[in-house]
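Residue numbers (the working numbering), protein chains in the order written: chain A, 1 to 244; chain B, 245 to 529.
Check each hint, because a few of them may be wrong.
[Unchecked claim] Taking lysine-lysine pairs in the DSSO-like style, the calculated list, with each CA pair at most 30 Å apart, reads: (1) A/K87 - B/K355; (2) A/K236 - B/K524; (3) A/K26 - B/K317; (4) A/K87 - A/K153; (5) A/K232 - B/K524; (6) B/K439 - A/K87.
[Claimed, not checked] Derived Cβ-Cβ restraints for the label pairs, each shown as a range: (7) A/H240 - B/R271: 52 to 60 Å; (8) A/S83 - B/D486: 45 to 53 Å; (9) A/R203 - B/S319: 20 to 28 Å; (10) B/Q497 - A/K232: 57 to 65 Å; (11) A/D67 - B/G490: 31 to 39 Å; (12) B/R271 - A/H56: 26 to 34 Å; (13) A/I195 - B/S319: 57 to 65 Å.
Calculated from the structure, these hints are not laboratory results.
Don't be surprised by glycine CBs; every beta carbon is placed ideally from N, CA and C.
Chain by chain, the residues run as shown.
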Amino acid sequence: MAGIEYLSPEGLRVDGRRPPELRKLKCQLGVFEQADGSASIEQGNTKVLATVYGPHDVSLRSQALHDRAAINCQFSMAPFSTSERHKRNRGDRRSEEISLALRQTFEAALLTELFPHSKIDIYIQLLQSDGGNCSVCVNAATMALIDAGIPMKDYVCASTAGYIQDTPMLDLNYLEETSGGPRLTVATLPKSGKIVFLQMDSRLHQDHLEKVLDTAVQGCRKTYTVLDSIVKDNLKNLQHSFAF
Amino acid sequence: LIMACLSRWEREYIVSGVNEDFRTDGRSCKDYRNFTLETGVVSNTSGSAKIKLDRTCVVVGVKAELGVPTLAKPSEGRIEFSVDCCALATPEFEGREGEELGSHLAYELLKAYSNSGCLDLSSLAVIPGQQCWVLYVDALVLEWGGGGVLESLSLAVVAALKVTRIPRLIISGEGEEMEFEVSDNPHDVVKLDVKGAPVIITLSQIGNHFLVDASMEEEMCANAQLSVAITSSHSIVSISKDKFGGLLYSKLQDVILMAQEVCTDVFTRIDTSLTDNHNKQRLST
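All chains should be built: construct the whole structure from the sequences, respecting the hints.
Structure representation (structure tokens):
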């Protein structure tokens, strides 16, 4: 793909950001009254909706775990989310992979031992895709879980990072992701710094791995700051409406 | 699909309220709830709209892509509907559970738009017999607590089609050698002629009276439902009956008159929302 300048001589990326800058993050909690918890996140041009139902009874006795809650995750994409329309919303390999990744991530973060024999459902819908799909989904699910009031060890904040034109870049958009360079998706528990999800595509030289991983983890911390301030603002508004 | 559980007393309360033309939220039988309509919610589409009617939320995206016309109608474009009942609305829609309902809703929409007066499909032809525009209308049902899903879908589809903009094509050559070029200018776009686009009004029969825009609880008390697709010129393009009860033939005329009354108000509200959205977008750019 000749011709696209991913990093201009002044150090600006295709959308005007600097390499270690995160895209603009907008988030709203409690968008759906029907669900126990819901959130809508917009990170740059990627829009994701997440809802949480639970903890509630399992539908099949065989699904119940005796010592903890079972977590069920489903990821689906809207047909109009990508520039080319695609018919298969869910059940295809990529969606199943992301659903599985999300489930494993949240099994590490939620305090499931508090709810044995029950189920927590997390549903994610991608409305618009512009890079960093998996990480935005993780962030959306975190916010929905917080809105639902389900006990968690910590926020789960995710971010992507890549290595283009010899520079580690944070939070790749679609154009940068399809440049053929490596793409690293990381989700961490910010307070302890533990990594709960790590996935990398394409080739990356060992010498650069630490730099890129570092950039991604920094991105997670920046995401945490933004998400935490949104949750605290939400709480303040709630306090006002209850006249505390 | 059980989304609300009603006790016998709640049911009696609703039915007796309807008898006095006073519903649980204070509306009369002919009052439509307030809805909020937002357009331009998804940027990858040619047109999109999101509607929120009480606790029902639907997003519709229209994508115009080039395709091959049908053999039966070589000089016309095509329109295809798909409705996805997302698991976001209820865990019962997880996996493939919501597919049957989704295809039923998509079929109702297709029926409403299959009338030639609704959309000028011949304006979507590019090269007769070879290429035409295909409008893919994809709807996502995000929330379903407030009832009236088919209505919300039809309202959102009308709004999305009204804001859909298709790139202009420059056609050159003749006969076998016809070629076309998509205009590079992002502002060089064509609007669709959607004056005949219908809105589906659902009338529910509770006891001996008909209600417009039933909430979830009222839908559960209804013994029959009539979905009427009406255009802004009051032409009826499709009718379908739902649920297990019977309708009195003598009442049918009154019911259809009621639907026509309500639809004028609904179309006015859609147009007001679209103008407001347009002004908001102009101010923000």
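Hint check:
Of the supplied pair hints, the one linking A/K87 and B/K355 holds, its CA atoms being roughly 21 Å apart against a limit of 30 Å. Distance restraint check for A/K236 and B/K524: the Cα-Cα separation of roughly 28 Å lies within the 30 Å cut-off, and the hinted pair is therefore satisfied. Of the pairs offered as hints, the one joining A/K26 and B/K317 is violated, with about 46 Å between alpha carbons and a cut-off of 30 Å exceeded. The straight-line distance between the Cα atoms of A/K87 and A/K153 is roughly 38 Å, outside the 30 Å bound, and the hint therefore fails.
Proposed proximity of A/K232 and B/K524 is supported: the alpha carbons are some 29 Å apart, at most 30 Å. The hinted pair formed by B/K439 and A/K87 meets the criterion: a straight-line CA distance of about 29 Å does not exceed 30 Å. For A/H240 paired with B/R271, a C-beta distance near 31 Å fails the hint of 52 to 60 Å. Judged by the Cβ atoms, the range 45 to 53 Å given for A/S83 and B/D486 is violated: they are separated by roughly 37 Å.
The supplied range of 20 to 28 Å is broken by A/R203 and B/S319, whose beta-carbon atoms lie about 51 Å from each other. Restraint check, B/Q497 to A/K232: a C-beta distance of roughly 59 Å satisfies the suggested window 57 to 65 Å. The supplied range of 31 to 39 Å is broken by A/D67 and B/G490, whose beta-carbon atoms lie about 54 Å from each other. Take B/R271 and A/H56: their Cβ atoms lie about 32 Å apart, and the range 26 to 34 Å holds.
In this structure the hint that A/I195 and B/S319 lie 57 to 65 Å apart at CB holds, the actual value being about 59 Å.
Of the numbered hints listed earlier, those contradicted by the structure are 3, 4, 7, 8, 9 and 11.
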